[in-house]
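S.K.: One-letter residues, chain by chain:
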Amino acid sequence: MTVSNHRWRNFKNALMQVISFACAILVITPLVLVLCHVIESGFAAINWAFFTHLPKPVGETGGGMGNAIVGTFVLLGQAAALGVPVGVLGGIFLSEYGSVRLNWWIRFAADIINGVPSITWGIVVYGLVVVPMHGFSAVAGGIVLGLMMVPLVMRTTEEVLHLVPAGYREAALALGISKWRTILQIIVRTALKGIVTGILLALARVAGETAPLLFTAFGNPNWVRSLTEPISALPLQIFNYAVSPYDDWHRQAWAGALVLLLLVLFINISVRFLMGERWKGKV
Amino acid sequence: MEGQSMTSSGALSLDERMEQKPTSAALTVRNLSVFFGAHEVLKKVTLDIAPRAVTAIIGPSGCGKSTFLRALNRMHELNPEARMTGEIRLFGDDIYASTVEPVVVRRRVGMVFQKSNPFPTMTIAENVTVGLRLNGRRDKKLLAERTEQSLRMAALWDEVKDRLHAPAISLSGGQQQRLCIARALAVEPEVLLMDEPASALDPLATSKIEDLILELKKNYTIVIVTHNMQQAARASDFTAFFYLGDLVEFGATSKIFTSPSQKRTEDYVTGRFG
Numbered sequence: 044m045t046v047s048n049h050r051w052r053n054f055k056n057a058l059m060q061v062i063s064f065a066c067a068i069l070v071i072t073p074l075v076l077v078l079c080h081v082i083e084s085g086f087a088a089i090n091w092a093f094f095t096h097l098p099k100p101v102g103e104t105g106g107g108m109g110n111a112i113v114g115t116f117v118l119l120g121q122a123a124a125l126g127v128p129v130g131v132l133g134g135i136f137l138s139e140y141g142s143v144r145l146n147w148w149i150r151f152a153a154d155i156i157n158g159v160p161s162i163t164w165g166i167v168v169y170g171l172v173v174v175p176m177h178g179f180s181a182v183a184g185g186i187v188l189g190l191m192m193v194p195l196v197m198r199t200t201e202e203v204l205h206l207v208p209a210g211y212r213e214a215a216l217a218l219g220i221s222k223w224r225t226i227l228q229i230i231v232r233t234a235l236k237g238i239v240t241g242i243l244l245a246l247a248r249v250a251g252e253t254a255p256l257l258f259t260a261f262g263n264p265n266w267v268r269s270l271t272e273p274i275s276a277l278p279l280q281i282f283n284y285a286v287s288p289y290d291d292w293h294r295q296a297w298a299g300a301l302v303l304l305l306l307v308l309f310i311n312i313s314v315r316f317l318m319g320e321r322w323k324g325k326v
Numbered sequence: 459m460e461g462q463s464m465t466s467s468g469a470l471s472l473d474e475r476m477e478q479k480p481t482s483a484a485l486t487v488r489n490l491s492v493f494f495g496a497h498e499v500l501k502k503v504t505l506d507i508a509p510r511a512v513t514a515i516i517g518p519s520g521c522g523k524s525t526f527l528r529a530l531n532r533m534h535e536l537n538p539e540a541r542m543t544g545e546i547r548l549f550g551d552d553i554y555a556s557t558v559e560p561v562v563v564r565r566r567v568g569m570v571f572q573k574s575n576p577f578p579t580m581t582i583a584e585n586v587t588v589g590l591r592l593n594g595r596r597d598k599k600l601l602a603e604r605t606e607q608s609l610r611m612a613a614l615w616d617e618v619k620d621r622l623h624a625p626a627i628s629l630s631g632g633q634q635q636r637l638c639i640a641r642a643l644a645v646e647p648e649v650l651l652m653d654e655p656a657s658a659l660d661p662l663a664t665s666k667i668e669d670l671i672l673e674l675k676k677n678y679t680i681v682i683v684t685h686n687m688q689q690a691a692r693a694s695d696f697t698a699f700f701y702l703g704d705l706v707e708f709g710a711t712s713k714i715f716t717s718p719s720q721k722r723t724e725d726y727v728t729g730r731f732g
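From first to last, the protein sequence lines are chains Z and X.
In the numbering used here, each residue's number is its place in the first sequence (first place is 1) plus 43.
In the numbering used here, each residue's number is its place in the second sequence (first place is 1) plus 458.
Fair warning: there could be bad hints in the mix.
[Unchecked claim] The calculated lysine-lysine pairs, modelled on DSS-like cross-linking and capped at a C-alpha distance of 30 Å, are:
#, chain 1, residue 1, chain 2, residue 2
1, Z, Lys222, X, Lys713
2, X, Lys598, X, Lys713
3, Z, Lys236, X, Lys573
4, X, Lys666, X, Lys721
5, Z, Lys222, X, Lys573
6, X, Lys713, Z, Lys236
7, X, Lys675, X, Lys713
8, Z, Lys222, X, Lys721
FYI, nobody ran anything at the bench for these hints, they're computed from the structure.
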């Protein structure tokens, strides 16, 4: 092999490196721009009242999104109550039980469901929950977000359980530990960080959903008193304010977007940090 | 006696011995065949595993050694394709009887694997007692006693007694393997199976494991699969040579390595093939 051949190879290598680096920058750029813009536009409207007060009627300045912030937490709590157990147990079934054929169909269904546009979920739950209950409600909003979480949590749970080396299963079973205890206290515990990460990603994903909530939670300008009443949520409030013609509401919408963004970031970072401290080198 | 060496075709002499001393064997294997799907991995293997002795299983890759070992505590059943015929008795009990649960067999027949696999979420002490705790034993005093006792038997106590609550994965490879042995011993099995327990370790760690095996055989029946001829010669009392699913020859280790009755055994132990 000649020296010039090597030079040409090195050049190609360097070129590809530069191109892939440029693409990586291209991916990050919009993210950084959005972040900067949201922070710049939203920060000015954030104050104590924004977190604690109800929205003011049109024409009055001030007020806040306290009801929407509380509403988002209430909805996420309900969604987790439905989506986490069903998703995690489903993922355990896919990874540890079932037959190849059955599991193929379940995975296929989960992936299809995952790809269903979120507004379709809204209509489905509208038909299943809102119509029979004769009204929009917080419960309906929680159910729709919970249902959207199920396939996400199920698939990530399955995948992280698959990452647990077979040697741990064998070691546990060879000690005469029963299968369900092996799964629950060896396999799931080893993969816990990954499962929690999957749950968080699913929560972060549904926290920003707006379309399905239009048909279910609907929105509510007051504090929520009961789960059978309509409830507000940050994305709903942002949507309503952003399409309004008032500058003050636009500012509040930016602030709401910033809070939602920080909420999602905060959940992710803090729990990852907590989970990552005790045991290094896990799945 | 001379009859300790036998071939798979010489099952009769073994049966004769069994009649003389009917309870002498820890494990009696009769006409054991194991299939994975249509593939017959083990073919009508018959042999006796002597109690409080080390039996080495040798043979080239793919000869069915590991399958044989895993059939002894029903671990081969983790493969849904697996199927067996024949009979295995553990101190007289049929371990494949329809009323016997695999978990019960595995509590009596412990296993140590080629790759050390301490549970990464647990401390050293938690790893030792996991088999007891997950079977419902909660007595703290008993668990602490069993931790020390098992770690001492595995020759690991002095190295870890000051850091029992450190993560198990902070140990070195050789220490991790001895921890796995301690973990298997803590449930007080009657037989200990070892699947190439030292093949991933450096020579020093290997010699520690071999010393440990010689120490453990005072109380335990040990069956060890090994690729290492020197290891089989050093550490075992009996040796079984498997080839392509057949038990070619089984007898006292000294005889297998010095004057085997089968040509294939001689070729293998002298390194002419395999």
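S.K.: A separate judgement is required for each hint: does it hold in the structure or not?
M.R.: Going down the list of hints, with the structure as the test:
Restraint check for Z:Lys222 and X:Lys713: the C-alpha separation of about 43 Å exceeds 30 Å, so the hint is violated. At roughly 48 Å between alpha-carbon atoms, X:Lys598 and X:Lys713 are farther apart than 30 Å, so this suggested pair is violated. Taking the CA atoms of Z:Lys236 and X:Lys573, the gap is near 24 Å; set against the 30 Å cutoff, the hint holds. The hinted pair formed by X:Lys666 and X:Lys721 fails the criterion: a straight-line CA distance of about 33 Å is larger than 30 Å.
At roughly 21 Å between alpha-carbon atoms, Z:Lys222 and X:Lys573 fall within 30 Å of each other, so this suggested pair holds. As the CA atoms of X:Lys713 and Z:Lys236 are separated by approximately 54 Å, the hinted pair breaks the 30 Å bound. The hinted pair formed by X:Lys675 and X:Lys713 meets the criterion: a straight-line CA distance of about 20 Å does not exceed 30 Å. For the hint pairing Z:Lys222 with X:Lys721, the CA-to-CA distance comes to about 45 Å; that exceeds 30 Å, so the pair is violated.
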